[in-house]
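> Need the complex rebuilt from these two chains, each delivered in its own frame; the hints are there to steer you.
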Amino acid sequence: MKRDAAKELYSDYLTGDLDDALKVSVENHLAEDTDSRNEVDAMRRVWTQLDAMPRVDTPAYFHENIMSRLDAELAKETEQSAARKSVWDWRTLFRPRQLAVAATLLIVLLGGVEAIQSQHAALGPLGTIYRWLRPAPPVMPQIMPRVEWKQNMTTGGTLLIGVRGVSQTQSVHFRVQLFAKIKEVENAVRVVGSGEGTLIAGEEGIVELPLPDKPTAADSTLLVTLSSTETPNQGSVNKVVPVSLEPLTTDAAN
Amino acid sequence: MAINPEEQILIDRCKKGDRSAFDVLIRSYEKRVYNLAYRLSGSYDEANDISIDAFLRVFQAVRLFRGDANFSTWLFRIVTNVYLDRRKRTRNKQHLSLEEYIELEENSVSRQIEDTAPTPDLVVEGHERQELLQKAIALLPDYQRTMIVLYHTEGLSYEEIAEVLDLRIGTVKSRLNRARLSLREKLDPVKELFP
Numbered sequence: 104m105k106r107d108a109a110k111e112l113y114s115d116y117l118t119g120d121l122d123d124a125l126k127v128s129v130e131n132h133l134a135e136d137t138d139s140r141n142e143v144d145a146m147r148r149v150w151t152q153l154d155a156m157p158r159v160d161t162p163a164y165f166h167e168n169i170m171s172r173l174d175a176e177l178a179k180e181t182e183q184s185a186a187r188k189s190v191w192d193w194r195t196l197f198r199p200r201q202l203a204v205a206a207t208l209l210i211v212l213l214g215g216v217e218a219i220q221s222q223h224a225a226l227g228p229l230g231t232i233y234r235w236l237r238p239a240p241p242v243m244p245q246i247m248p249r250v251e252w253k254q255n256m257t258t259g260g261t262l263l264i265g266v267r268g269v270s271q272t273q274s275v276h277f278r279v280q281l282f283a284k285i286k287e288v289e290n291a292v293r294v295v296g297s298g299e300g301t302l303i304a305g306e307e308g309i310v311e312l313p314l315p316d317k318p319t320a321a322d323s324t325l326l327v328t329l330s331s332t333e334t335p336n337q338g339s340v341n342k343v344v345p346v347s348l349e350p351l352t353t354d355a356a357n
Numbered sequence: 003m004a005i006n007p008e009e010q011i012l013i014d015r016c017k018k019g020d021r022s023a024f025d026v027l028i029r030s031y032e033k034r035v036y037n038l039a040y041r042l043s044g045s046y047d048e049a050n051d052i053s054i055d056a057f058l059r060v061f062q063a064v065r066l067f068r069g070d071a072n073f074s075t076w077l078f079r080i081v082t083n084v085y086l087d088r089r090k091r092t093r094n095k096q097h098l099s100l101e102e103y104i105e106l107e108e109n110s111v112s113r114q115i116e117d118t119a120p121t122p123d124l125v126v127e128g129h130e131r132q133e134l135l136q137k138a139i140a141l142l143p144d145y146q147r148t149m150i151v152l153y154h155t156e157g158l159s160y161e162e163i164a165e166v167l168d169l170r171i172g173t174v175k176s177r178l179n180r181a182r183l184s185l186r187e188k189l190d191p192v193k194e195l196f197p
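Those protein sequence lines, which keep their order, are chains A and B. The opening position of the first sequence corresponds to residue 104 in my numbering, with each subsequent residue numbered one higher. The opening position of the second sequence corresponds to residue 3 in my numbering, with each subsequent residue numbered one higher.
Derived by calculation from the structure, the hints in this document are not laboratory data. Here the structure is a predicted model, which is why all the values come from computation and not from measurement. All the given hints hold, so there is nothing to weed out.
If you want the footprint, here are the derived chain B segments under chain A, 3+ residues with CB under 8 angstroms:
id: 1; region: 16-27
id: 2; region: 37-45
id: 3; region: 50-60
id: 4; region: 180-193
Now the stretches of chain B that chain A is said to cover, found in silico as 3 or more residues with beta-carbon under 8 angstroms:
id: 5; region: 129-136
id: 6; region: 143-155
Computed cross-link-like contacts, PhoX-like style, restricted to lysine-lysine with a CA-CA straight-line distance of at most 25 angstroms:
id: 7; chain 1: A; residue 1: Lys105; chain 2: B; residue 2: Lys175
id: 8; chain 1: A; residue 1: Lys179; chain 2: B; residue 2: Lys18
id: 9; chain 1: B; residue 1: Lys18; chain 2: A; residue 2: Lys188
id: 10; chain 1: B; residue 1: Lys175; chain 2: A; residue 2: Lys110
id: 11; chain 1: A; residue 1: Lys126; chain 2: B; residue 2: Lys175
The C-beta atom is built at its ideal place from N, Cα and C for all residues, glycine as well.
One chain only, chain B, in its complex shape (with noise of 0.2 angstroms):
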């Protein structure tokens, strides 16, 4: 692991509490820790405070970054936890909503409603595949969905994810099997979009 000495420079005066560093650092990773947070919530408006949640925890917490893992695995650490700290606050608040599943560890029972939408044969392929695809990864359980996440939309390696989620290399494959394995019995219903 190496960190770019120019971001070392920035960390360093960062854990000074130079803000106009943390400035500079924080420019090139912000886009992407918006984007973890967006796949991860599913939602823009929590993505941005999200993110912003992060950002502040990051500041505080910079002392404590020993350079053991990448600046960017770190802050992907940050990120997640403040999502399934705020899934724990919400999530005695949370609604059904029409996709919505019971889940039940590893499998989910949908609910029978009616689907009212457009049919897959009226659904514009592209944005709207998206759109679904964005969905069924929200259905899926936490810890699942940050797999997804993770590998699939941030392009994090199994080690990396390890150190993001502190767990072995092992249990990462094996979680990230079973999570695309849920993702696709969950757009089974709608695999005509997926040829």
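Just chain A, with the same shape it has in the complex (with noise of 0.2 angstroms):
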């Protein structure tokens, strides 16, 4: 048996664990290797010194220090609960379980309201924090343009659009193009007068085109295009209204 070996089986020897073809075998290595032999019985000896370490005295007030600890513990932990149920941590609102309740709250409640888009004004703050973060599509208000056309003594007149109609929910502007069709080129246009005004209460938006010529529907096209800017998190919203210019009435000359 080499050395590694054998050592590797003196725990077992001392304590009498080896069965007796391993015991014999390191009795031989220890017979033939003096070594060894002398590390074991200095382990022995360690061994022995070892069992024998004496007991240690704790230190006076050993124990009621132990329990005056656990009391200031268990004073502590009393004093935080206590501490935790009369002061709203705000913290705990980022805990996971919390945040999973609230995203559970906010989809049902977006899902609910969803259902009832119609009658969100009637639910109150939720209705405004509803609409804050789903904005309905804004109702653009229904308009009737007026049109007239006022000749001139000499040569061409001016084109009056009138544009009654207020948005209960939004500001909302209005722009006049006339846009005159182009014979060579199928379904292709070019503006050729253009005016802006804004939607006011009990007022009528006026916009004048002086214009060469009586535009006629046949040779001209006349839009009122409607716009909203201040909607939140929805953009730019337009409404297209195409205005007849038959009849189109005239007015006395100038």
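Here it is as structure tokens:
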């Protein structure tokens, strides 16, 4: 048996836990190797001393110190528990469970309110939150533009477009554009006049377009574009209203 | 494994937060815990701190004690863990002492420092020998020291040590053998004191 292999067995040899074959092998090795024998003897002596190590006494008031520390810890826990109950801690909102509950509530809220979207104004504060998160598309006012042609004394005249109607939820601007059809190119038009105004309650917004000739439905197209840019999270919203140029009333000549 | 019925009652009461039951329960273990902590740390002050921390941890965790092992085994595991946790925290703050060794896994290389201590023949046998033994134990790596202390000074069986340290019995046996060999090497310079 080699020395390193024998070393692994020293403890079991000293406790008598080796089977007979291994015990004989170790003893043969020890009989041949003086250093190993000395090592085992030294190990046995140290072992004896280890087993004889005396017990040390606990310090004075050891037990009392443990119990007083325990009492202090219990008092601290009670105090912290009371503090947690009495003071709302905003950090609790960010614990995983609270976040999950909040997310679930939000989903339910949005889903439920989606179903009654048209009634969200009646939801009070919840409706405000909903409108902020999911703004309803703006309802553009219904307009019936008034169009008149004012013939000049000499040549040309002025096309007058009056627009009336006010949105309840947002400020609405309107833009009037008169397009002349280009005969040579199918579906092609060019702008021959434009003007802008704002819809104001109780008033008619008027745009005047000076033109060389009285436009007709055959050669021109008149569009009024309503636009709102004040709806949160919605961007610009437009509504295009074609205006008939027939029959076009003609005012008295200037 | 069987727990003393009276002890089981105390443990059950402790699980409900009964302070007075804890008071009674720990009295029978205080000295063993303190000794284990002392043999592991080699310091009376540290043994005091380790013991108190361990008992507080026991009170906080006793409701998790399932009774699969002896209460003492479970308690010793907590003491050992408290000691090892503290060692981890203070490892970087350690200073070298004259008798310190640089631990290289299983082997150790002693620093070449002149020994100005009294020569062996002047050392009075008895408690001086025990002091040397304690110092040699303190030079062992943590895992070897824990093995030596649990087996030799606390008298735990291989099976109990395996439970305390969550190791297989074969591992406990082989590590304990190496720990004894290592301890003998460290005591080799003063072997005359261990006839």
